[in-house]
Amino acid sequence: MSRYAVILFALWVVVLAATPFFAENYVVRAAIVIAMYSTMALSWNVIGGFAGYPSLATAAFVGLGSYVGAVSQVNGVPMVLAWALATLVVALVSLAIGALLLRLKGHYFAIGSIVLVELFRLIASSWSSVTGGGNGLNVPLLRWEPDDVGLFILMVMLALMILAFAMNVVVKNTRLGFGLQCIRQNEDAADMVGVNTTKYKVAGFMLSTILCGTVGAVYASWVGYIDPSESFQILLTLKVAVMALLGGAGTLLGPVVGAATFVILEEVVWVNFLSWNRAILGVLIVFLIFFLPNGILRTGAFSFLRSDGASGSKRA
Amino acid sequence: MDIAQLVVNGLALGALYACMAVGFSLVWGVLNVINMLHGSFIILGGYLAYFAWSYWGVHPLLALPFVGVGLFALGYGLQFFLVNKVVRAPVLTTLTLTFGLDMILYNLMTVYFSATPRRIRLDLGSFEIFGVFMPADRLIGMLLALALTAILYYVMRTSKVGRAIVAVRMDQVAAQLMGIRVNSIYAITFGIGAMMAGLAGVILVLVFPTTTSVAGVYLGKAFVVCVIGGLGSVPGALIGGLVLGVVESFAAHYFGPQNALVVGFLLLLFLLLVKPTGLVGVRGYE
Chain A
30 MSRYAVILFA
40 LWVVVLAATP
50 FFAENYVVRA
60 AIVIAMYSTM
70 ALSWNVIGGF
80 AGYPSLATAA
90 FVGLGSYVGA
100 VSQVNGVPMV
110 LAWALATLVV
120 ALVSLAIGAL
130 LLRLKGHYFA
140 IGSIVLVELF
150 RLIASSWSSV
160 TGGGNGLNVP
170 LLRWEPDDVG
180 LFILMVMLAL
190 MILAFAMNVV
200 VKNTRLGFGL
210 QCIRQNEDAA
220 DMVGVNTTKY
230 KVAGFMLSTI
240 LCGTVGAVYA
250 SWVGYIDPSE
260 SFQILLTLKV
270 AVMALLGGAG
280 TLLGPVVGAA
290 TFVILEEVVW
300 VNFLSWNRAI
310 LGVLIVFLIF
320 FLPNGILRTG
330 AFSFLRSDGA
340 SGSKRA
Chain B
-3 MDIAQLVVNG
7 LALGALYACM
17 AVGFSLVWGV
27 LNVINMLHGS
37 FIILGGYLAY
47 FAWSYWGVHP
57 LLALPFVGVG
67 LFALGYGLQF
77 FLVNKVVRAP
87 VLTTLTLTFG
97 LDMILYNLMT
107 VYFSATPRRI
117 RLDLGSFEIF
127 GVFMPADRLI
137 GMLLALALTA
147 ILYYVMRTSK
157 VGRAIVAVRM
167 DQVAAQLMGI
177 RVNSIYAITF
187 GIGAMMAGLA
197 GVILVLVFPT
207 TTSVAGVYLG
217 KAFVVCVIGG
227 LGSVPGALIG
237 GLVLGVVESF
247 AAHYFGPQNA
257 LVVGFLLLLF
267 LLLVKPTGLV
277 GVRGYE
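Protein chains in written order, with the working numbering: chain A, 30 to 345; chain B, -3 to 282.
Quick caveat, the hints were computed from the structure, so don't treat them as lab data.
Check each hint, because a few of them may be wrong.
20 Å max Cα-Cα, derived SDA-like pairs, lysine to any residue [as the list claims (entries may be wrong)]:
1. B:Lys81 / B:Leu58
2. A:Lys134 / B:Arg84
3. A:Lys134 / B:Phe68
4. B:Lys81 / B:Ala146
5. B:Lys156 / A:Tyr137
6. A:Lys134 / B:Leu265
7. B:Lys271 / A:Asn323
8. B:Lys81 / B:Leu60
9. A:Lys134 / B:Lys81
10. A:Lys134 / B:Ala85
11. B:Lys81 / A:Val315
12. B:Lys271 / A:Tyr137
13. A:Lys134 / B:Tyr149
As the structure is a prediction and not an experimental result, all values here were calculated from the model.
Whenever a hint applies, use it, and build me the whole structure from the sequences.
In structure tokens:
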């Protein structure tokens, strides 16, 4: 059982949820960002971790979610309904794109998925009648007390993070996760013994994007303004993959640990080295590749979690 | 604007794209690494030529060999000391590593060179043949790009190192058995990739204003050229570059310059799905 992982995750959610009651706004903001990135990294884990497909399309679907949410809110759709709509649109788009893109493997899949981010960005900036083009789009702000807005957005992001974690637990312990892990180990062999690889991969890809769409829409409502170059960033796409790798791709807690560690490091770097932040994050990434190639959770200190980290393949 | 003009514009642009992408294509084809640093190498080459020109009055053509040697050394060093250690890891690892290195290089360039768009203006005027209009600097850029690509092709065909690179691309294990030091060939290939990017950057700064923030755009072009032309071969990159140049030139005319890039990326996705070996690629080389 993944009992330890679930308990630790629950404790972490409680800590994050309690921040508005004991810490200042800056910390609450950081908690929201942590929950947001955890959701994305956990989502990425389904395709990148379990199936081992190097998907770099995260930012494309986060941005798409932002835009669908923002455009429908501007046109009078109530906020929560706009979030649901964004989720639905992202699910359908990723189903259609996944069915095409997942016929590719390795490098070609990586390039195809990263190009989606650029393609969506270009479409968002040239389709100005709907998206406002390069000027961006103002989203109706929540007209509450600032503290209430922070609390509300934090709870929503935490709910999404819990959903993403639950999705990982379910996927890991069902046929889908087993199939995806078979695909990671040897796709041809998986195909040979009767795993419907295309169906599994498309399902995995879709699951890895749905909550990204919701996160994007909620983020747009939170910050109140979106534009193409902020919404569709290659940097975001790689950051999410790096977070999952940092914690340990293919484990349940890895993406959560990675996202929290990365966001905290990033904050420290931003505060102390404003003009060098990009280079320092680059150094961190290089360091990660050489010294933590399997992630924090697969180092010796966390061996008690590892037994359930690898047991997915023994079940089912 | 008539068709001849669009084609000529496209070919001028395409020659530059070919020169830009040929190094990326070699690195991908031979090392199986998606080099996210490539865009920044292009910009670095352009900046070095620009500063040599503006501070010491060095003519860009004179700066060309020095930029080439400098970028080769940088690429060789990066591959020898860093990328070689993980070169056989899954694509995500090498892609992330080169992206991390790119973040460092990008940051160094924005801090030391600032992000102001820069261009070397040689004021050579322009001319017209058969009703086709062409600025002279652009023509020189095109010829230079074609010449550099041709030299690379010649070197790859005739030199011992060039043959060794091709051998490693075809079959790494067999190459090793024939006594080729694969890691050293990898470093040389990465060096050549960086060198071609830097040289393309010098040409670029003669033709367009160049700044760090467009590094990603040129990286994107390299993706498209590689997928059109197939990986790891000089003629493939040349054809890919010219095709993309002409396609973009027509797309910019009919759908607006903003959408030229969209058409390029759609072409990439389409080709990936129907013919991932590229238009002139050979099966088994992917």
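Status of the hints after comparison with the structure:
1. Between B:Lys81 and B:Leu58 the CA atoms are separated by roughly 36 Å; this puts the pair beyond 20 Å, and the hint is violated.
2. With a C-alpha separation of about 16 Å, the suggested pair A:Lys134 and B:Arg84 falls inside the 20 Å cut-off, and the hint holds.
3. Distance hint between A:Lys134 and B:Phe68 is unfulfilled; the C-alpha atoms sit about 31 Å from each other, more than 20 Å.
4. Of the supplied pair hints, the one linking B:Lys81 and B:Ala146 is violated, its CA atoms being roughly 32 Å apart against a limit of 20 Å.
5. Proposed proximity of B:Lys156 and A:Tyr137 is contradicted: the alpha carbons are some 30 Å apart, above 20 Å.
6. About 13 Å separates the Cα atoms of A:Lys134 and B:Leu265, which keeps this hinted pair within 20 Å; it holds.
7. Distance hint between B:Lys271 and A:Asn323 is unfulfilled; the C-alpha atoms sit about 34 Å from each other, more than 20 Å.
8. With a CA separation close to 31 Å, the supplied pair B:Lys81 and B:Leu60 exceeds the 20 Å bound.
9. With a C-alpha separation of about 23 Å, the suggested pair A:Lys134 and B:Lys81 falls outside the 20 Å cut-off, and the hint is violated.
10. Taken as a hint, the A:Lys134 and B:Ala85 pair is honoured in the structure, with Cα atoms around 15 Å apart against an allowance of 20 Å.
11. Simply put, B:Lys81 and A:Val315 have alpha-carbon atoms about 12 Å apart, close enough for the 20 Å limit, and the pair holds.
12. With a C-alpha separation of about 11 Å, the suggested pairing of B:Lys271 with A:Tyr137 holds against the 20 Å cut-off.
13. At most 20 Å may separate the alpha-carbon atoms for a hinted pair to count; A:Lys134 and B:Tyr149 exceed this at roughly 29 Å.
Checked against the numbered hints given earlier, the structure breaks hints 1, 3, 4, 5, 7, 8, 9, 13 and satisfies all the rest.
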